[in-house]
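Undergrad: Starting from the known structure of chain A, fit chain B onto it as the hints suggest.
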Amino acid sequence: TQLLEQSPQFLSIQEGENLTVYCNSSSVFSSLQWYRQEPGEGPVLLVTVVTGGEVKKLKRLTFQFGDARKDSSLHITAAQPGDTGLYLCAGGSFGSWGKLQFGAGTQVVVTP
Amino acid sequence: GAVVSQHPSRVICKSGTSVKIECRSLDFQATTMFWYRQFPKQSLMLMATSNEGSKATYEQGVEKDKFLINHASLTLSTLTVTSAHPEDSSFYICSATSSGGYGETQYFGPGTRLLVL
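Protein chains in written order, with this note's numbering: chain A, 179 to 290; chain B, -18 to 98.
Bound-form chain A, shown alone (with noise of 0.2 Å):
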């Protein structure tokens, strides 16, 4: 089984600050999504990076997959109360047929 570590598993930040999660793996993958999660509700994808180095930027949230397809991160600039949510990475893996490894996910609390 490939473990994805997340990291932290909460932060609180105020307004307007920058926040950073990581997600970290020994295992290669062949995606890496990231989802934001409110709750009560499913789980909304945010991005897909398949290539090792890509970066994809989304207004304030940018994203990160490593050159060896082992780790991911997502950077958010000046966070508004509106980017509160669990943080949620997941890998995809060649051959598991859409099977998805996820991490245990990064609860997010942004205060005005």
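Hints are not guaranteed to be accurate.
Negatives, chain A to chain B, calculated, CB over 12 Å [said to hold, decoys possible]:
1) PRO186
2) GLN192
3) GLU193
4) ASN196
5) SER204
6) GLY231
7) GLN242
8) THR255
9) PRO259
10) GLY260
Simulated pairs of lysine to aspartate or glutamate, EDC-like, Cα-Cα distance not exceeding 16 Å [to be verified]:
11) B/LYS22 x A/GLU219
12) B/LYS45 x B/ASP69
13) B/LYS22 x A/GLU216
14) B/LYS36 x B/ASP46
Honestly, the hints are just simulated from the structure, not real lab data. C-beta: ideal position from N, C-alpha, C; glycine also.
TA: Just chain B now, kept in the frame of chain A:
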């Protein structure tokens, strides 16, 4: 695009009854659907993988006779919790991928909150 719905969103039932949860891909054909269970403040726990027209593949520790999964079409999968007990109370979430193969993105439904009294 890539919208997945679940029904019902919430269900309360008595212990010993069965509950069926539907998962539908609304604007794409889902060759593979996944069923997850999530406990409060925890990540998703994969229960089973469902491919259209074939038997579901269950994860270790998940009772296939208790959690019946049917994937009768490319847009519909159902999870039936048979003889539900209070310990089955949880948040159940389905997801779907648009094609088979590796590393495909999963699109999630909104989840179903099950409470067994």
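Undergrad: Are the hints correct? Go through all of them and say.
TA: Evaluated hints:
1. PRO186: It holds; A/PRO186 is separated from chain B by about 14 Å at its closest Cβ, greater than 12 Å.
2. GLN192: Holds, since 22 Å exceeds 12 Å.
3. GLU193: Holds: least Cβ distance 23 Å, greater than 12 Å.
4. ASN196: The assertion about A/ASN196 holds, with a minimum of 24 Å to chain B.
5. SER204: The claim holds: A/SER204 sits with its nearest Cβ about 18 Å from chain B, beyond 12 Å.
6. GLY231: holds, 16 Å
7. GLN242: About 17 Å separates A/GLN242 from the closest Cβ of chain B, which puts it past 12 Å; holds.
8. THR255: It holds; A/THR255 is separated from chain B by about 24 Å at its closest Cβ, greater than 12 Å.
9. PRO259: Nearest chain B Cβ is 19 Å from A/PRO259, so the label holds.
10. GLY260: Label holds. Min Cβ-Cβ 18 Å, cutoff 12 Å.
11. B/LYS22 x A/GLU219: Status holds; Cα separation ~12 Å.
12. B/LYS45 x B/ASP69: OK: B/LYS45 and B/ASP69 at ~14 Å, within 16 Å.
13. B/LYS22 x A/GLU216: The given pair, whose Cα atoms are some 11 Å apart, holds under the 16 Å limit.
14. B/LYS36 x B/ASP46: Since the Cα atoms of B/LYS36 and B/ASP46 sit roughly 12 Å apart, the hinted pair holds (cutoff 16 Å).
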